[in-house]
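Participant: Listed here are the chains, written in short residue letters.
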Amino acid sequence: MRSLSLFAGLFLTSAAVADTPVLTVYTYDSFISDWGPGPAVEAAFEAQCSCDLQMIGAGDGAELLSRVKLEGTRSEADIILGLDTNLMADAMKTDLFEPVSIVADYAVPNGWNNKFFTPFDWGYFAFVQNVGLETVSNFRELADSDLKIVIQDPRSSTPGLGLLMWVKAAYGADAKKIWNDLNDNIVTVTAGWSEAYGMFLEGEADMVLSYTTSPAYHIIAEQDNSKTFAAFDEGHYMQVEVAGKLRSTDQPILADQFLKFMVSDVFQDIIPTTNWMFPAVTPTGGLPDGFPKALSAKKSLIFSPSDAALLREDALLEWQAALSQ
Amino acid sequence: MAGSVIAISLRLIFGGAVITALLTFSFGTAAVVALRGHGFGPLLPTDLSAIRFTLWQALVSAFLSVSVAIPVARALSRQSFFGRRALITLLGAPFILPVLVGVLGLLSVFGRSGWISELLLFFGLGRLSIYGASGVILAHVFFNLPLATRFILQGWSGVPAERFRLTDSLGANSWSRFLLIEWPMLRGVLPGAFVLIFLLCLTSFTVALAVGGGPKGTTIELAIYQAFRFEFNLGKAASLATIQFGLCGIVALLAFLVPLPKVGDIGLDRLAHQFGARKHRRLDIIWISGAAGFLILPLSAILFRGLGGILSLPGQVFSASITSLLIALISTGVCIFLALGLSLSIAYSRLNTQKIVEGISVLGLSTSPLVVGTGLFLMIFPFVNPASLAIPVTAFVNAMMAMPFALRVLIPAVRDIYNEYLHLRLSLNMGRGIWLMRIVFPRLRRPVGFSAGLVAALSMGDFGVIALFASPDLQTLPLILYRLMGSYQMDQAAAVSVVLVAQSLFLFWIFDRGGRGHTES
Chain A
1 MRSLSLFAGL
11 FLTSAAVADT
21 PVLTVYTYDS
31 FISDWGPGPA
41 VEAAFEAQCS
51 CDLQMIGAGD
61 GAELLSRVKL
71 EGTRSEADII
81 LGLDTNLMAD
91 AMKTDLFEPV
101 SIVADYAVPN
111 GWNNKFFTPF
121 DWGYFAFVQN
131 VGLETVSNFR
141 ELADSDLKIV
151 IQDPRSSTPG
161 LGLLMWVKAA
171 YGADAKKIWN
181 DLNDNIVTVT
191 AGWSEAYGMF
201 LEGEADMVLS
211 YTTSPAYHII
221 AEQDNSKTFA
231 AFDEGHYMQV
241 EVAGKLRSTD
251 QPILADQFLK
261 FMVSDVFQDI
271 IPTTNWMFPA
281 VTPTGGLPDG
291 FPKALSAKKS
301 LIFSPSDAAL
311 LREDALLEWQ
321 AALSQ
Chain B
1 MAGSVIAISL
11 RLIFGGAVIT
21 ALLTFSFGTA
31 AVVALRGHGF
41 GPLLPTDLSA
51 IRFTLWQALV
61 SAFLSVSVAI
71 PVARALSRQS
81 FFGRRALITL
91 LGAPFILPVL
101 VGVLGLLSVF
111 GRSGWISELL
121 LFFGLGRLSI
131 YGASGVILAH
141 VFFNLPLATR
151 FILQGWSGVP
161 AERFRLTDSL
171 GANSWSRFLL
181 IEWPMLRGVL
191 PGAFVLIFLL
201 CLTSFTVALA
211 VGGGPKGTTI
221 ELAIYQAFRF
231 EFNLGKAASL
241 ATIQFGLCGI
251 VALLAFLVPL
261 PKVGDIGLDR
271 LAHQFGARKH
281 RRLDIIWISG
291 AAGFLILPLS
301 AILFRGLGGI
311 LSLPGQVFSA
321 SITSLLIALI
331 STGVCIFLAL
341 GLSLSIAYSR
351 LNTQKIVEGI
361 SVLGLSTSPL
371 VVGTGLFLMI
381 FPFVNPASLA
391 IPVTAFVNAM
401 MAMPFALRVL
411 IPAVRDIYNE
421 YLHLRLSLNM
431 GRGIWLMRIV
441 FPRLRRPVGF
451 SAGLVAALSM
461 GDFGVIALFA
471 SPDLQTLPLI
481 LYRLMGSYQM
491 DQAAAVSVVL
501 VAQSLFLFWI
511 FDRGGRGHTE
521 S
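If you read the sequences in order, they're chains A and B.
For the first sequence, the positions run 1 to 325 when this note's numbering is used.
For the second sequence, the positions run 1 to 521 when this note's numbering is used.
I should point out that these hints are in silico values taken from the structure, not numbers from a laboratory.
Remember, predicted model here, so these are calculated numbers, not experimental data.
From the three backbone atoms N, C-alpha and C, an ideal C-beta is built for every residue, glycine too.
Warning: the hint list may mix true and false statements.
As the list claims (entries may be wrong) - Calculated cross-link-like contacts (lysine-lysine; reagent style BS3-like; alpha-carbon spacing at most 30 angstroms):
(1) K93/A / K236/B
(2) K148/A / K227/A
(3) K236/B / K69/A
(4) K177/A / K236/B
Stated by the list, open to error - Simulated DEER-style distance windows between Cβ atoms:
(5) G124/B / I56/A: 30 to 36 angstroms
(6) P412/B / D146/A: 55 to 61 angstroms
(7) Y418/B / T73/A: 39 to 45 angstroms
Isolated chain B (complex conformation) (with noise of 0.2 angstroms):
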């Protein structure tokens, strides 16, 4: 008994710990960040635009991709063809790729000497320009389809088939069964996600950075990167760190009057039904595919520039594909040990309990990697240089940043192997240590790897807080291609990109691999 108490008291202790640790580091760096800053002192004008702008684009970014993503998803749901699966399974490739490699590859596209410009000349018309606010929302929109699509098909594939069969039995036209079936489905999956994306959106740095063309495209995250590292004004960064952890908030709130959709790859596969696929057929094709090449052009369009240069790359880029993996594997190894102690450490709390750590957990979502950047390097910055600690930072901001999506997964995980299986330890009387060896953490594996292959990928290729802490001399992936591609050396910059695409699938695979166990081959 005396034992069970202790171990109640450790889960306990752990639990508070974890989640203490979550609210310090949004809460307790936006507040070291308002201490520094000049509170709300008053904005310059060009703020105000700033400010102005990362809501308008946000907003116009999830709008977009919500509505574009609708027809596309419902196409998917009811069209069958070959390559399909592939297809769905490409929908999630963009949460995980590396924000510089995709606008890399957007800039070959849709840029003034990208594929679409040059045929745009050779019929005698202008050239795309794409830096500005197009451009910063067509990459958000690059980003967040495939999101919006994964998530309001799942939304059509939850819908029981029987439905559908039930209103074409009863001779209801596509009209009413909008009315009757999709629009109430859709009605509770596209708010949650149009906040995601507008979340997302919120606190984009690497984008605009990239191609916001000027003061004209900085959103606030951009404009606390140039605080910082053109202006060395830690006062202006932390007041614009203020605002943006405020505008979070706010959206954060939303956020907990929404669900959320669910992150993981479920059922997504199985057509959900056919009702009106032969009618539409042919409107169908033009939305998937449309979709589909919007998103594997700029893909392939680094492949086929980059595959060539590989073997050419110069001796660094192992060095910094090294570090970035190094960077990787302590975020992973971070995130996954406190999400899955604090899953568990919550798993016989009452279900209330268990939904406020997941709300709790959505503040990860809005929190901005900038803001806690900046908080960050106040701290450290008094005791010793913070660019000789950018690799530990960074990979702990990354395992922070990436823990809403594993205790999205996580969480529901513990949950479920606690409702099924509770009885029977209680029946056995089962000793802790093989409740927990024999019946928990081998079903855990799965959604463990699965998470742990989500939060490497992102760690890998996460452009934001190491550009804030890197000194010249500190070599990761993202920042050689991030050089590179300053530079103009596109093809150099391509070579790398697909160095880093490879390595980032090539982790997600091996830790969802190694999750999935011998059970599925």
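This is chain A alone, in the form it adopts within the complex (with noise of 0.2 angstroms):
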């Protein structure tokens, strides 16, 4: 099969670079893309681990683990970056991640610990909508509103799991309500957040399921002022992005050594402006200007992994059913 790939000229490159070790990296696709912080973070670790760092996007955050999944112990990937906490629970059920013990002086609220998988960002879901148009502080306001937003498949896109969550966080028993009002808000449901936030920049929709964090990158990286996030008064569900090594690898020594290095300042430091997320540990030079500050902790919400993997399965078939109607 390689013999067949190579015929049709796809890894011409591979062999050129054949003595040198390659470390594998399945990701979500906006972390490689050109504004992202792939291509950052890929010199940098690369400028010391005399190795090639290949970063490949499979899909969004939930699709990454379900890739995981299908590729088994036969995957070659090394390390899976950027599932998070709602994952957690299933992905270390499928017996396929290694334990590491990477410490760091983590800045993640409610602290860290959890041998298998390392956080490397964390931040807060919001909807991002332009400045001036109506607001709404709630889900209940904007069920009623007729406001059009872009939302993420659950299945495929951790931000579209954490919206299920949210939802369940904020009205526990009305969430099946609150997703029968919602569906006509609902322009269309996309795969991964790129294609979302996409639709959103190119007025597809008025709001678009994304961070507090989001607007940042227009203020600060396009001086566009343009863009705000709808400041929930429910409080908004947190996200706290993870990656983990997997027992297959066979490159276990570089594999930690990447992980040593994601929660290291120069990792670090590239998050805030190229992923518009909160590091997880707080690079010595601190937040860039204009980065907005963590909510109180009335505000944040978020469910431990294992209540996470609970509500999943209900949540999930409450959401298909709302929005088949």
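Two chains, each in its own frame: build the complex with the hints.
Facilitator: Structure representation (structure tokens):
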């Protein structure tokens, strides 16, 4: 098969670098886009590892986990980067991940202790909109409004799954009612975050499910003050994004080295202004000017990985049923 | 004598093998899927709504395509105008147009930020939104209206002009002409066109993926894909695939009862008649220009947006286009080898046998690529990483999927040659080699070229099985196109579309032209 691929001209470069060890990282698509953290991370790590870091996009975060299950122990990946706490319990059940211990001074709210996964950034989900557009301050108002939103599929995307958890955390048993009423606000459900955000920027919707830190991208990188997020009085669900090392890796030492690098200053410094999330370990230089502040503990919603795993299936059925109408 | 006995048994073995392969391909993969799935376990409400939506959208799409095609075909059959021939040729294009390209074009015209929305906004009206059922149906009509129009136009061209002249000289008005001539013709053509389009929409995947808009626009095919890629729930994928296979089977049985339209392009460019041409000219112009606009606007939107960007496309597009070419060529080779072999091996059989074989090939039409993909995946999975076989599997599945089209061209072609020339072979006591090389193959050049062109173009644009099997680092043109659309880089996506369409059309043209040889130049 390799020879067929070679014939197809796909791996023409691999022969030239055959002697350099290759570390393969599966991640979500937006991480490796031109404006994402990927290019800078690759350059910085390759400068210190004398290896070839190959980061491969495999859809959005939740699709990543499916990919891991599909490839099982045959996977060519060494590291999976981009799962979150809502998927962690499910990921650990696969028995495909190797415990690691990466010590760092984590700035993740509520601290961190999990022996399989290492956090690299975190943030709060929020609906991003244009400044000046009518705004809403909770899901009930959003559902009653005529605002058009784009959301992501909770089966393929971590923001999509986060939204399910958000509604559950804020409304509990009434979540179903909220979804029924939100149905007519939803323009479309995309497979991943990139598609949804792209559609929003092209004017295909009034709001998009993203993060409280997304407007900072427009403000800092583009000097564009036209984007803001709708602050919800019921609080915002949090996401902690994590990476894990596969048991099947053929580069265990290099994989550990990458995870250590991931929580180091170099990597963490890249995160705020490329992935537009809060760094998991605050870099010595601090956060850039204009970067938003963390919310109060009262407004920060999150389920533990095990609670999220318990809620997930029912929440998903509820969501599918409401949106099939 | 002994030699011919061996030849006959070889022929039977080959024919039998191909038919067994076809049957294994559709029933075998479905059986694997059913064994792996939980059979007909309790269906979730969301599965039921996917089934409902799949059937409903296929019915509406087929109904709209066929009913709009009637006035358009009627107008085309009696009006002569500049570009008529080009327009009729263009009607064949959506059949080989990669689905993603069509969807991208439709989005540029009918999307929330498309041309029509901008126009509506200019007049102070709201934007269009095509995500959901409306988008799925719009895209299905876009792809199938031209197909239906060609089938019905074929029907009109098949009516001898003398009949129109006769009714005319008997002083019949247009209503009685419709009752006496056109309605009987339509009654013969419409059911086949309807069933064929219904079948194509029943197994629709790419359209629902791109514009379905979430659970409300999810077809069963898409649900299979999601169970696979999003949840890696093979059991669920298998259950859904069993349902899909059942549905397709029922419709395929229906398809046995109605004569399906022929694939081909013969005789379409002549005017059927011109009765009523002057009287209905205005109305006809509206139908023709409406249909032409609906077809041409999205295509030109892509050209308009993509042509400028071709030169600045990243290098990966080049290697992807080579991979796509490779897949297309392998599947064309496999498909034509099998289809031609099968057609030749049943050439001496009775007409009934030939009809049965043609019928079996219809199975391929009703086979869902994702059911087959799921089945093959489950078979391969225990042994190797299926992603490493993505290219050969895709090429093979595409070859099998295109078999019905190739067989429907080749079986009648072989039959005609044998009917016409077999007595020549017998009377001259011609040897087998000379018979095949001098008589049969030269006459098969054109149908083989045409069907190879079809297969190559279909395979080039395929986005079904490849989406199921692809590993993140595999790149084909449709995969790149999907990823670019995903990251909303619409200008680059349009540029890749232009490359993809150009490559598909080029392959089609090469094969078709090669088949025509010097005979017409």
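Participant: It remains to establish, for every hint, whether it holds in the given structure.
Facilitator: Hint check:
1. Between the alpha carbons of K93/A and K236/B the distance comes to roughly 19 angstroms, so the proposed pair stays at or under 30 angstroms and holds.
2. Restraint check for K148/A and K227/A: the C-alpha separation of about 16 angstroms stays at or below 30 angstroms, so the hint holds.
3. A threshold of 30 angstroms between alpha carbons decides the hint, and for K236/B with K69/A the separation of about 15 angstroms falls inside it, so the pair holds.
4. Of the supplied pair hints, the one linking K177/A and K236/B holds, its CA atoms being roughly 27 angstroms apart against a limit of 30 angstroms.
5. A C-beta distance of roughly 47 angstroms is found between G124/B and I56/A, which places it outside the suggested range of 30 to 36 angstroms.
6. About 57 angstroms separates the C-beta atoms of P412/B and D146/A, a value consistent with the hinted range of 55 to 61 angstroms.
7. Checked against the hint of 39 to 45 angstroms, the C-beta distance between Y418/B and T73/A comes to roughly 56 angstroms, which is inconsistent with it.
Violated hints, in rising order: 5 and 7; the structure is consistent with all others.
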